[in-house]
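Student: Those sequence lines, one after another, are chains A and B.
Sequential numbering from 1 applies to the first sequence in the working numbering.
Sequential numbering from 1 applies to the second sequence in the working numbering.
Hints may contain errors.
Footprint (simulated), chain A over chain B, 3 or more residues, beta carbon under 8 Å [said to hold, decoys possible]: (1) 29-43; (2) 328-341; (3) 347-357.
A few chain A residues facing chain B, derived, Cβ under 7 Å [claimed, not checked]: (4) L21; (5) S191; (6) R192; (7) T214; (8) A228; (9) A229; (10) G232; (11) A233.
Treat the hints as calculated values from the structure; they're not laboratory data.
All residues carry an ideal CB built from backbone N, CA and C; glycine is no exception.
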Amino acid sequence: MTAAVIARARSFALPLVSVLLGLAAGAVAVLLAGTNPADAYVALFQGSFTNNNAFTETLVATIPYVFLGLSVSVGFRAGLFNIGGAGQLFLGGIFAAFIGYRVTGLPVVLHLPLALLAGMVGGFLWGAIPGLLKARFGAHEVITTIMLNYIAALLTDFLVNRGSMSDPHTASPQTPPMLATARLPIIVPDSRLHLGLLLAILAVPVVWFLLERTTIGFRIRAVGLNAAAARGAGISVGWTMVTVMGISGALAGLAGAVQVLGVSGVLTPSLSSGVAFDAIAVALLGGSNPAGVLPAALLFGALKSGASFMQLQTQVSADLISIVQAAVIVFVAAPLLVRWLFRLRAAPAAPVSITEGGLGQTPPREGVA
Amino acid sequence: MDLTVDWGEVHALLGENGAGKTTLMNVVYGLTRPDAGEVLFDGQPAHVSSPLDAIRLGIGMVHQHFMLIPPLTVAENVVLGHETARTGVMDLQEARREVARLAEAQGLEVDAGARVADLSVGMQQRVEILKALYRGARLLVLDEPTAVLTPPEAERLFEVVRQLTDAGSAVIFITHKLAEVMAVADRITVMRRGQVVATTAPADSSPADLARLMVGRPVLLRVEKGEAHPGDAVLRVDDLVVEDDRHNTAVDHVSLDVRAGEIVGVAGVEGNGQDQLIEAILGLRHPRHGRILLGERDITHLSTRRVLLDGIGHIPADRHSMGVIVDLNVADNLILSDYDRPPYARGLLRQIATVIEHARRVIRAFDIRAESPEQPLSSLSGGNQQKVVVARELDSDPRVLVASQPTRGVDVGSIEFIHRQLISRRDAGMAVLLVSSELDEILSLADRVAVMYRGRVVAVLEGDQIESGRIGLLMAGAA
């Protein structure tokens, strides 16, 4: 019993220490720029948590990180590195927006779920493509998902600028506004915090259950841990790759749908704005574990939403948070360095690193059969 | 622990897998640092902190897996890292002459100009030995050197080892094969669980004594088995042709059948098509020609999943890469191919409680030493991990069991257990196809023996024909 508690505490130690070291690295940068780091971090904290509306804004920023962090984590668990979150998010946004403004006459209980589901379908399809390419031709998912990111971004650009989804009543590149029946309701009055928060919190146990308690999850984990053994046991590695990339894409697509239906109310080419890439860091920090993704997403949401207040208050550039995020990732990805610095004992479950996750792996050649 | 090796002797280091032989030698060769104690070389304390230090001292090591560059010639491989160069240009002629001279002086005949890729495994091993000698090795460590050799090649290796020690060098011969130790060693050190349990000589000892020392209790070196009572053919392989990854013909028109209630052994040096034959049977590799029948059913082009469901069990040769998933727990490993079928899953939902209950039963039935079904498989010893594989495949009671190297890397105690299991399943009517590169294993278990050489079954032996000398010759391609 106590041994299990200690083991669990240890697996938290590394990410926690990494975050502290990341903040320390940021402090050094602030110091070099001639400002008192304490002032900067106090302002950052106020901007993230204590100011008017600061906390709800942090939560608004956290929501897409949760979905996207889960998306990347699911991929990692199968040994796949899905960098295509941005593209899948765009496709989710396109599908959800289409339902959101085009379909009329539905009550909110039908319209909203339909729009969210459409977003997941869009992301699923966009994610399944690189899965299929890998399973069938051995094309590495890192390359194909990056390519598909460009295609999705340009497709969005085209659709909302001149294409069939642009709003004829405005000059700015966007779709017509979502109908009220498709909007995610605001859950805290006078804030932007919407129902997506509950969906995000709900998604965590759902994804955990999928991975740990369903046969699909078992297949995903088996393939991620030892593809050859999975194949020997009769598991189709190819189909598992397609499924897992699809599920990963669906989660990213849901992030896109939630942003369109909950925050912006329209689809614009700025939908992604880098969150999908930050989410890779969220997944790494969360140890590819759904329960770990939640606090990691909150941290990234807080950093993002507090940055502009900090800049206003202390003249420290908002780019500081990029330094902090980058440093955190360096420390998470280099557990040996952290252990050496703090003489930590090896945690029993090492967090999934990028090398384990797929970058360093050669894709097994496997037919979809 | 202490170990002393004298000049001019062949010192065998005998022990089960995990007894610490390789770790000890890695310390000597500078790959691992000792926590305490020291290494003396020629009476002097030696500070060996890298293989470079070891080479400088005159210690050479031939690893189980060769460290050669196949497209380069013998001479190029031997001088690698110690090239003689003139103004930066490598002098290959000189290198070839030098290597040829060394080879002749040591009685290690090998063509210095040949490409390593074109050489047999036995010859490649000679190149490794030459490499060590070229670097001035006087103490040579051979790690499981016969694992990849045919019996005649092993004989020649023993001669080479003798010549080296006659010339004053010392050889440490790491092995777990008792017969070899008796044949080649001057002195024998037996290790068990990281400790030296005895140092003796072949004259003062017997294989049974050594086995007892290795394991710590008396061991049956040969399983007792009764007459086989084979029934109808259950697995039939008909004129099968299979290619390897590089599209070379690996299985060349092989026909073979296995009847219910018999063990058919496939003998052969590794890499003569056995792996591809098994992969084809299991649906892991598509044959180019021929048929595979399970009973009356053609399974040639079925998926692995179908083949397993139809009643073929598989103990893969390489446990870690194919047999188990070490990061999953014991219970999950015991249902690896049944994870999505009742009673282990209902619809998409896994029935974890059932999986664990099943594991408890199997752990008891097969005497797997595990504290809990939920501990990760990686925390089990190699022998117990292999028992998990064997238990999983036998528990589903397949009609045909394809067992490839079922006891590789397993301690003597577990070998005994696994062999008994195979015999008792045979007696219960299971058809067993046993692929092994350990001739002893084939000899003690198989009722019929098919010998594979270069992708062909060169002979199928029965009854009195099953005899080690004959099989050894056939394995080496002497028809």
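Student: Each of the hints needs a verdict: does it hold here or not?
Tutor: Quick rundown of the hints versus the structure:
Only when three residues or more bring their CB closer than 8 Å to a CB of chain A does the claim for the segment 29-43 of chain B stand; here the count is 0, and the claim is violated. Judged by the Cβ-Cβ criterion of 8 Å, the segment 328-341 of chain B is covered by chain A as claimed, because 6 of its residues qualify and three suffice. Coverage of a stretch by a chain is defined here by at least three residues with a beta carbon nearer than 8 Å to that chain's beta carbons; for the segment 347-357 of chain B and chain A the count is 4, and the condition holds. For the restraint placing L21/A at the interface with chain B, the shortest Cβ-Cβ distance is roughly 27 Å, beyond the 7 Å limit, so the hint is violated.
The interface hint given for S191/A is broken, as the beta carbon of that residue sits about 38 Å from the closest beta carbon of chain B, more than 7 Å. Given the 7 Å rule on beta carbons, the hint for R192/A is violated: about 37 Å separates it from the nearest Cβ of chain B. At a threshold of 7 Å, the smallest CB-CB gap from T214/A to chain B is about 5 Å, leaving the interface hint in force. This hint holds: A228/A has a C-beta 5 Å from the nearest C-beta of chain B, less than the 7 Å allowed.
A least Cβ separation of about 5 Å between A229/A and chain B falls short of the 7 Å threshold, and the interface hint therefore holds. Interface hint at G232/A: satisfied, since its Cβ lies 5 Å from the closest Cβ of chain B, which is below the 7 Å cut-off. Proximity of A233/A to chain B holds as hinted, the smallest CB-CB distance being about 4 Å (cut-off 7 Å).
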